[in-house]
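Chemist: Given next are the chains, with one letter for each unit.
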Amino acid sequence: AQKVTQAQTEISVVEKEDVTLDCVYETRDTTYYLFWYKQPPSGELVFLIRRNSFDEQNEISGRYSWNFQKSTSSFNFTITASQVVDSAVYFCALSVGSNYQLIWGAGTKLIIKP
Amino acid sequence: DSGVTQTPKHLITATGQRVTLRCSPRSGDLSVYWYQQSLDQGLQFLIQYYNGEERAKGNILERFSAQQFPDLHSELNLSSLELGDSALYFCASSAGQVPTDTQYFGPGTRLTVL
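Heads up: the sequence lines are chains A and B, in that order. The first sequence begins at 1 in our numbering and counts up by one. The second sequence begins at 1 in our numbering and counts up by one.
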């Protein structure tokens, strides 16, 4: 069975702090894809990144970075120098070929205080 | 802007009524997915269509139905509405038929059943 765990229900930090959102996944498939989505207060779901299981290189996009570690089945997301606009719910999701649907984590609500 | 459009943005109706939610996928995408997001259950996959054919079914109630038309737009029909159907309904689209493709989400339709 596949599963995604986002153990942090809510994180609150002060602006300009760095923050890491954890994502731990479970699957027995050797080929799978991991995703992060952002849901700001306005409600839309915004795609952030897609990573396949054969690419363990870390990804950096501006203030966002992702650390993929197969050894610990984790795909963590770090925001550097956080800003108020980063306040949102962030979802991690897993996709495997043997399952017809995305498996979603419960989401982490990130609050950035000015 | 993901390129996925959904109408209407908000919908308020009464119990027992029927509503239709509409989705237009991104240009070139053949798959359409429907999700329900309620406060207590997170993101729930409802159904997927690929090029007009039903591809996968999730936790969709029998009172709910969907279809994808030849022009690839999709409609989700919700009937005999109950208070518990109040939720944010998302449509997503992707290029292919497998869930490992990136899904791009529309802005959602917020349904309130009174």
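Since the hints were made in silico from the structure, they are not lab data. Do not take every clue at face value.
As the list claims (entries may be wrong) - In silico DSS-like links for lysine-lysine, alpha-carbon gap of 30 Å or less:
#1 A:38 / A:16
#2 A:16 / A:109
#3 A:109 / A:70
#4 B:9 / A:16
#5 A:113 / A:16
#6 A:109 / A:38
#7 B:9 / A:70
#8 B:57 / A:113
#9 A:3 / A:38
#10 B:57 / A:38
#11 A:3 / A:70
#12 B:57 / A:16
Here the structure is a predicted model, which is why all the values come from computation and not from measurement.
Chemist: Determine for every hint whether it applies to the structure shown.
Modeler: Status of the hints after comparison with the structure:
no., hint, result
1, A:38 / A:16, "19 Å, holds"
2, A:16 / A:109, "17 Å, holds"
3, A:109 / A:70, "25 Å, holds"
4, B:9 / A:16, "34 Å, violated"
5, A:113 / A:16, "9 Å, holds"
6, A:109 / A:38, "10 Å, holds"
7, B:9 / A:70, "40 Å, violated"
8, B:57 / A:113, "40 Å, violated"
9, A:3 / A:38, "19 Å, holds"
10, B:57 / A:38, "25 Å, holds"
11, A:3 / A:70, "15 Å, holds"
12, B:57 / A:16, "43 Å, violated"
In this structure, the hints that do not hold are numbers 4, 7, 8, 12, in rising order.
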